[in-house]
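S.K.: Heads up: the protein sequence lines correspond to chains A and B, in order.
Numbered continuously in this note's numbering, the first sequence closes out at residue 114.
Numbered continuously in this note's numbering, the second sequence closes out at residue 151.
Honestly, the hints are just simulated from the structure, not real lab data.
Among the clues, some could well be false.
[Unchecked claim] With a straight-line cut-off of 30 Å between C-alpha atoms, the simulated DSSO-like cross-links for lysine-lysine are:
{"no.": "1", "chain 1": "A", "residue 1": "K95", "chain 2": "A", "residue 2": "K69"}
{"no.": "2", "chain 1": "A", "residue 1": "K95", "chain 2": "B", "residue 2": "K93"}
{"no.": "3", "chain 1": "A", "residue 1": "K44", "chain 2": "B", "residue 2": "K105"}
{"no.": "4", "chain 1": "A", "residue 1": "K109", "chain 2": "A", "residue 2": "K58"}
{"no.": "5", "chain 1": "A", "residue 1": "K95", "chain 2": "B", "residue 2": "K105"}
{"no.": "6", "chain 1": "B", "residue 1": "K101", "chain 2": "A", "residue 2": "K95"}
{"no.": "7", "chain 1": "B", "residue 1": "K107", "chain 2": "A", "residue 2": "K58"}
{"no.": "8", "chain 1": "B", "residue 1": "K54", "chain 2": "B", "residue 2": "K105"}
{"no.": "9", "chain 1": "B", "residue 1": "K93", "chain 2": "B", "residue 2": "K53"}
{"no.": "10", "chain 1": "A", "residue 1": "K44", "chain 2": "B", "residue 2": "K93"}
{"no.": "11", "chain 1": "A", "residue 1": "K101", "chain 2": "A", "residue 2": "K58"}
{"no.": "12", "chain 1": "A", "residue 1": "K95", "chain 2": "B", "residue 2": "K107"}
{"no.": "13", "chain 1": "A", "residue 1": "K69", "chain 2": "B", "residue 2": "K93"}
{"no.": "14", "chain 1": "A", "residue 1": "K101", "chain 2": "B", "residue 2": "K93"}
{"no.": "15", "chain 1": "A", "residue 1": "K44", "chain 2": "B", "residue 2": "K53"}
{"no.": "16", "chain 1": "A", "residue 1": "K44", "chain 2": "B", "residue 2": "K107"}
{"no.": "17", "chain 1": "B", "residue 1": "K105", "chain 2": "B", "residue 2": "K53"}
{"no.": "18", "chain 1": "A", "residue 1": "K44", "chain 2": "A", "residue 2": "K109"}
{"no.": "19", "chain 1": "A", "residue 1": "K109", "chain 2": "B", "residue 2": "K107"}
{"no.": "20", "chain 1": "B", "residue 1": "K93", "chain 2": "B", "residue 2": "K107"}
{"no.": "21", "chain 1": "A", "residue 1": "K69", "chain 2": "A", "residue 2": "K109"}
{"no.": "22", "chain 1": "A", "residue 1": "K44", "chain 2": "B", "residue 2": "K101"}
{"no.": "23", "chain 1": "B", "residue 1": "K54", "chain 2": "A", "residue 2": "K101"}
{"no.": "24", "chain 1": "A", "residue 1": "K101", "chain 2": "B", "residue 2": "K101"}
[Claimed, not checked] Some chain A residues near chain B, calculated using beta-carbon distances under 8 Å:
{"no.": "25", "residue": "G97"}
{"no.": "26", "residue": "E100"}
{"no.": "27", "residue": "L102"}
{"no.": "28", "residue": "K106"}
{"no.": "29", "residue": "G107"}
Cβ atoms here follow ideal geometry from the backbone N, Cα and C, with glycine treated the same way.
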Amino acid sequence: QKEVEQNSGPLSVPEGAIASLNCTYSDRGSQSFFWYRQYSGKSPELIMSIYSNGDKEDGRFTAQLNKASQYVSLLIRDSQPSDSATYLCLRGKQGGSEKLVFGKGTKLTVNP
Amino acid sequence: EAQVTQNPRYLITVTGKKLTVTCSQNMNHEYMSWYRQDPGLGLRQIYYSMNVEVTDKGDVPEGYKVSRKEKRNFPLILESPSPNQTSLYFCASSSPAGLSYNEQFFGPGTRLTVL
Numbered sequence: 003q004k005e006v007e008q009n010s011g012p013l014s015v016p017e018g019a020i021a022s023l024n025c026t027y028s029d030r031g032s033q034s035f036f037w038y039r040q041y042s043g044k045s046p047e048l049i050m051s052i053y054s055n056g057d058k059e060d061g062r063f064t065a066q067l068n069k070a071s072q073y074v075s076l077l078i079r080d081s082q083p084s085d086s087a088t089y090l091c092l093r094g095k096q097g098g099s100e101k102l103v104f105g106k107g108t109k110l111t112v113n114p
Numbered sequence: 037e038a039q040v041t042q043n044p045r046y047l048i049t050v051t052g053k054k055l056t057v058t059c060s061q062n063m064n065h066e067y068m069s070w071y072r073q074d075p076g077l078g079l080r081q082i083y084y085s086m087n088v089e090v091t092d093k094g095d096v097p098e099g100y101k102v103s104r105k106e107k108r109n110f111p112l113i114l115e116s117p118s119p120n121q122t123s124l125y126f127c128a129s130s131s132p133a134g135l136s137y138n139e140q141f142f143g144p145g146t147r148l149t150v151l
């Protein structure tokens, strides 16, 4: 099993809808997760970080972490065409390892 | 302005010709990292550095070298590039302040083509 898995998509939603992006991880010891957005040809930029079970909200974005089920998700409410990008899930350092692991990313398209 | 810079931004080279991609950050970050990004494979960590003179392998270190002689700089060295190292490379840095350690700042990327 890969350390961090994401549905590569593409995911297509209409403008104004809720986009749901999911990420699963294999190591129960993982403590921190991050969602990055990457526009085509650009660098990844941080959207959200989450460390505790439950939901964390920031504007139109909500990150959810469920350590028992080993998944983390990102919800984008009122999706806009400008949200069209690839979304990357990052598992932070864990245990004695400082290595960082990204999922392969999910490409989201928001249709006007 | 807080930033991570990479040079060059674009490079076309030939197999076997040694090259170095530079990375520099002005945020006094301890942690620095190199990634390569390939279609369908996502971002994969090549090497990372916890601080000056402390480096370790990521998931795909074969064919690459790094050094960390100064806190701000973390160059990526390809001693004998091969076509399978054609990729988009990103440098990133972060400061290990608890769990926020991994909120990384990325450079603009270097697109490398090895013929």
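S.K.: Find the hints from earlier in the document that the structure breaks and name them by number, from lowest to highest.
M.R.: Violated hints: 7, 19 and 25; rest satisfied.
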